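Protein sequences, first through last, are from chains A, B and C.
Residue 62 in the numbering used here sits at position 62 of the first sequence, with consecutive numbering throughout.
Take any residue in the second sequence, count from 1 to its spot, add 1000: that is its number in the numbering used here.
Take any residue in the third sequence, count from 1 to its spot, add 2000: that is its number in the numbering used here.
Calculated directly from the structure, the hints in this document are not laboratory data.
Treat the hints loosely; a few may be bogus.
What the hints assert, rightly or not - Derived CB-CB ranges, DEER-like:
1. A:Lys-225 - C:Leu-2061: 43 to 49 Å
2. B:Ile-1063 - C:Asp-2244: 34 to 40 Å
3. B:Gly-1273 - A:Ile-25: 25 to 31 Å
4. C:Asp-2244 - B:Thr-1167: 29 to 35 Å
5. B:Asp-1074 - C:Thr-2057: 16 to 22 Å
6. A:Leu-17 - B:Asn-1369: 51 to 57 Å
7. B:Gly-1273 - C:Glu-2055: 53 to 59 Å
8. C:Lys-2107 - A:Leu-64: 33 to 39 Å
9. B:Thr-1139 - C:Glu-2055: 32 to 38 Å
10. C:Ile-2287 - B:Glu-1423: 34 to 40 Å
11. C:Leu-2194 - A:Glu-58: 55 to 61 Å
What the hints assert, rightly or not - Taking lysine-lysine pairs in the DSSO-like style, the calculated list, with each CA pair at most 30 Å apart, reads:
12. B:Lys-1327 - A:Lys-137
13. A:Lys-196 - C:Lys-2107
14. C:Lys-2109 - A:Lys-196
15. A:Lys-225 - B:Lys-1348
16. A:Lys-75 - B:Lys-1406
17. B:Lys-1406 - C:Lys-2240
18. C:Lys-2039 - A:Lys-137
19. A:Lys-5 - C:Lys-2104
20. C:Lys-2107 - A:Lys-5
21. B:Lys-1076 - A:Lys-137
22. A:Lys-66 - B:Lys-1076
23. A:Lys-5 - C:Lys-2207
24. C:Lys-2240 - A:Lys-225
25. B:Lys-1420 - C:Lys-2240
26. A:Lys-225 - B:Lys-1332
27. C:Lys-2039 - A:Lys-107
28. C:Lys-2049 - A:Lys-137
29. B:Lys-1198 - C:Lys-2240
30. B:Lys-1327 - C:Lys-2049
31. A:Lys-225 - B:Lys-1406
32. B:Lys-1198 - A:Lys-66
33. A:Lys-105 - C:Lys-2039
34. B:Lys-1252 - C:Lys-2240
What the hints assert, rightly or not - Sample of chain A residues facing chain B (criterion: CB under 10 Å; computed from the structure):
35. Phe-22
36. Ile-41
37. Pro-128
38. Gln-131
39. Val-134
40. Arg-135
Since this is a predicted model, take the numbers as computed values, not measurements.
Just so you know, even glycine gets a beta-carbon here, dropped at the ideal spot from N, CA and C.
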Amino acid sequence: MRKRKSIVEFILFIILLTGAMFMMIPMVYLISYSLRPNSDIYQYPPTLFPGYYKLTFENYEYILSKSVNIFIYFKNSLIVGLVSMVLVALMSSALAFVLSRYKFKGKEIFFLIIIATMIIPGLELIIPQYQIAVRLKIINRLSGLIPVYAAWMLPFSTFMIRGFVDNIPREMDEAAYVDGASPLKVYFGIILPLMKPAIAAVSIFNFLTCWEEYGWAQTVISSEKLRTIPIYIAGFFGRNNFTQYGYVFAISFLSLVPIITIFITFQKYFITGLMTGSVKG
Amino acid sequence: MKNRKLLGIFLTLAIMIGLTSCTSPKQAETKNKQIEKNETVTNIVFWHHYNEQSNENKVLMEILIPEFEKQNPDVKVEAVSHDWADLHNKALVAATASNLPDVIRVDSAWIPEFVDADMLMALDEEFEEFNSVKEGILTGPMDTANVKGHYYGLGLNTNTKILFYNTKLMGENDVEVPKTLDEFFEAARNLSSEAAQKIWGYGEPALSGWNMLPFIWSNGGELLNEDNSKAEGYLNSEANVELLSKFAQLYKDGFLSGFNSGDIPMTDGFAQGRYAMIIDGPWKYAELQGGHADFTDYDATTMPAGKNGSIQVLGGEDISISRNANKEAAWKFVKFMTNEFAQVEMGKAGQIPVNKKALENAEITSIKNYKVFLEAIKTSRARPAIPQWSELDQILTDAVTNVVLKGADAKETLDEAARKMDEVLR
Amino acid sequence: MLKKIAKKRKIKKEYWQVTLLFLPGVIFFSLFTLYPIVKLFIMSFYEYKIGALKESTFVGLHNYIQVISDEISQAAVVNTLIYALITVPGQIVLGLLIAVFINKLSKAKVFFRVLYYFPVITSWVIVSVLFRYIFQNEGYLNYLIFSMLEVEPVHWLETRMSSLAVLSIIGIWKGIGWSMTVFIAALTAVPLELYEVAEVDGSNSIKNFFYITLPSIRNTILFTFVMLTIGAFNTFTPVKLMTDGKPLHQTEFVLTWMYKNAFEFRNMGYSAALSFTVGLLISIIAIIQFNYFKKA
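Turn these sequences into a full structure, and let the hints guide you.
Structure (structure tokens):
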């Protein structure tokens, strides 16, 4: 019996490994071309694994030496990502709590509206959002990016966390109320700690989304020192089909490193958090 | 416990929001300095699309702006680089909230649009010196900023296209450099071959106005009537039908390629000897030297002449001042960018000057790569200066694609396209 | 009497506290999402040209009529629908399969979870650029096929069907990691007792999968379905960078056509009408999915 199990496991392992190789092909492509001169990408026939002598770090050197500002861009992306993430975490968890525990007229309709707004593409909303941002005087500031990002991620996060909260038994709330607690005390003292896995899960996802966002960032940010990483990467794309892809791939790889690190570190929260959240849906 | 948690959260938020607000743009800092030092330094913002990594940007940031600020200590310029398409969209979005930068480097094709959107200042109305400045700039490029008699920018740089050809392939196939359109089509045929790797006689990157108009005009055809209000009778003229059919035949026989999504890009294709001839602008030299430095078997000449001569399409950029700009400071900068010094410096970086004196300057006349372009510019025409140009361009592109790619009947397709264009123009 | 007043005070205090929790999110959402959407909706009834500071003319349903009757938007909707029809089930089935496989492993779980999630966190721009090089007429894929089989290379990006196929493959490739992660979470929540009982009754793994696992994670599947459908309709970057609707708008997707109208033709009214029309369509699909799942 045990032998059978381990054979099955072995087969699964091989299947998964093959699949994983397909998943990684473009990544290999990316790393491969980032380690070669810019003109290599135009070669025919294309080669994934060039000879050893071809490999060079010149693209990375160029990027890291030429722009000392790259650390500023990383910092900007980090700030925007973190603040947006925290804002959404706070607001969506509070919202989820209220939606889960309290009845009021139009609750379900309100919830549906929140979800429905996810259907309208962000691209379309740029103009109205820009006008609001101008009026609030947050154009060309990092604080112009954050509210829109937060608002954008709010529906999905609320949805996920609400499902999670629905699964927390009401008896816990009841017990606290009997003891004379107020709603705020129940929320902060009991529910919020229990929500931590769910919050962690959506937070990681939200951070990643902010890290990569380009459209709104490009519209709001004009100053060079306020650029986020996606804007910086876009600056390497040339017109007339002439882009130095060596640099593009190198900087893209560099910008993936923090994300991957965060993901690996937090991925166990990811799993536990999503768990009960999506079961209820 | 609840209070401590709340406090903690609010503190964290406060710190983060504090961090964010601290990173405000240079403008705010300098404004503070203003109040402190009691000087009047005006900041102007300049949006352009010189690529971040390019020579032009280097010249702008390291030579031009410092020189300008030296000569004008009361003005500071903040230049922001964008991608070409992004700049267009961003300017439009900014316009909806009247939040435009002071100065913009505008692609000449955008001027009619931007004027229709009321984004730009009419320079001839706002500045007395305008006429004298205008005199120093080539007429053709200046006219790209002319909408209904008013000038909404100064010409900043110009470009057009010339015919690049592979000298090695020409030699091998015993083909002479084509001087007329007929010779051109012949050459395209003779230069193609079906060796191990297919070689196309001619590569065209797209089928839109920028690509087709030179052929249409040189061949004696037109797109619209004189005041750009009607397409019927012009777009679907016999000359155009004949030209389009020739193009379609060229493609069908396998001598033309480059505009499909999967085709080899122009520069790489040309450098690898896959396209024997291409028609493109001055940036091609930079691209070839940058990405394919070992390829040197090429030369260039002007557009092959048709019944109407050799007419290419005039591109280029203008420098404009937006409606809500710091007028005086912006005008100073705009004048500077179009004076001889700035034009020569940019000229050395790859931007063909429009300043008359600059064009006679020894440093410019000695640039080998400009010779053919300067010749071609004399007979180049700008695209129709109407705000609906994007829509018309799309209709034209679709029509040409239908005929060339899908083999549709040229006359019928052009008739239909003319009808559509007239609807848009109404 | 005093007790009643105290109770009223307490209820008021409760309401105030709940409102405090509720309000920030609502205000934020209303200001930055709801209000722009309402503005956009109003825009869809006008001939709104971007940038023009002059008055836009009210045109009523004209934009909507144009959207419905326009061949290109019809083609775009169809393309996006086909794309969704392939990629959404594709991501769910494959994601679920991989999640099940990974769950059965005793080691290397994290290794695979991370590996399969890589495509998800890579930016669409990079993905599009890379895949374009792979699928170009003389790209890597054709090079492999051509040199191995000596067959005419396929022009992947030049016809409607092959482009849709390529885009769908990329879409599935990029999304599997996400649905896989969601499903792994859901799977670990299925109580083990269910399986143990089945074991006693003599069931095998395949029967288990269909009769225990699937029903238990039904809600997760529905949730994933809706999210992936919305995501599929929001596809923009890969289409724009690989075909940009060519040839002749045959490979347009809803979002690329929307973008073209908004920013190239400056026809924001039409663009807005298109987004709401498609939004309506997606809502109808979502409602159908919900009802189907409720009944099944």
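Take a quick look at whether C:Lys-2049 and A:Lys-137 sit within 30 Å of each other, Cα to Cα.
Judged against 30 Å, a Cα distance of about 24 Å means the pair holds.
Given the proposed pairing of A:Lys-196 with C:Lys-2107, does the C-alpha separation stay at or below 30 Å?
holds, 27 Å
Hint consistency between B:Lys-1406 and C:Lys-2240 [alpha-carbon to alpha-carbon, up to 30 Å]:
It holds: about 22 Å lies between the C-alpha atoms, which stays within 30 Å.
Do the alpha carbons of B:Lys-1327 and A:Lys-137 lie within 30 Å of each other, as the hint requires?
Holds, at about 22 Å.
Pair hint outcome, C:Lys-2039 versus A:Lys-137 [Cα-Cα no greater than 30 Å]:
With Cα atoms ~19 Å apart, C:Lys-2039 and A:Lys-137 stay inside 30 Å; holds.
Given the range 29 to 35 Å, decide if the beta-carbon distance of C:Asp-2244 to B:Thr-1167 lies inside it.
About 34 Å separates the Cβ atoms of C:Asp-2244 and B:Thr-1167, which means 29 to 35 Å holds.
Does C:Lys-2049 sit within 30 Å of B:Lys-1327, going by the straight-line distance between their CA atoms?
Status holds; Cα separation ~26 Å.
Quick one: are A:Lys-225 and C:Leu-2061 within 43 to 49 Å, going by C-beta?
Since A:Lys-225 and C:Leu-2061 have Cβ atoms about 47 Å apart, the given range 43 to 49 Å holds.
What's the verdict on B:Lys-1198 and C:Lys-2240, does the C-alpha distance respect the 30 Å limit or exceed it?
holds, 28 Å
Next pair to validate is A:Lys-75 with B:Lys-1406; report whether the Cα-Cα distance is within 30 Å.
Given pair A:Lys-75, B:Lys-1406 is violated - Cα atoms ~51 Å apart, limit 30 Å.
In this structure, is the beta-carbon distance linking A:Leu-17 and B:Asn-1369 contained in 51 to 57 Å?
Distance hint for A:Leu-17, B:Asn-1369 holds at roughly 53 Å.
Hold the hint about A:Gln-131 up to the distance rule: shortest CB distance to chain B must be less than 10 Å.
Nearest chain B Cβ about 5 Å off; hint holds.
Hint violations for this structure: numbers 5, 16, 31, 32 and 35, all remaining hints satisfied.
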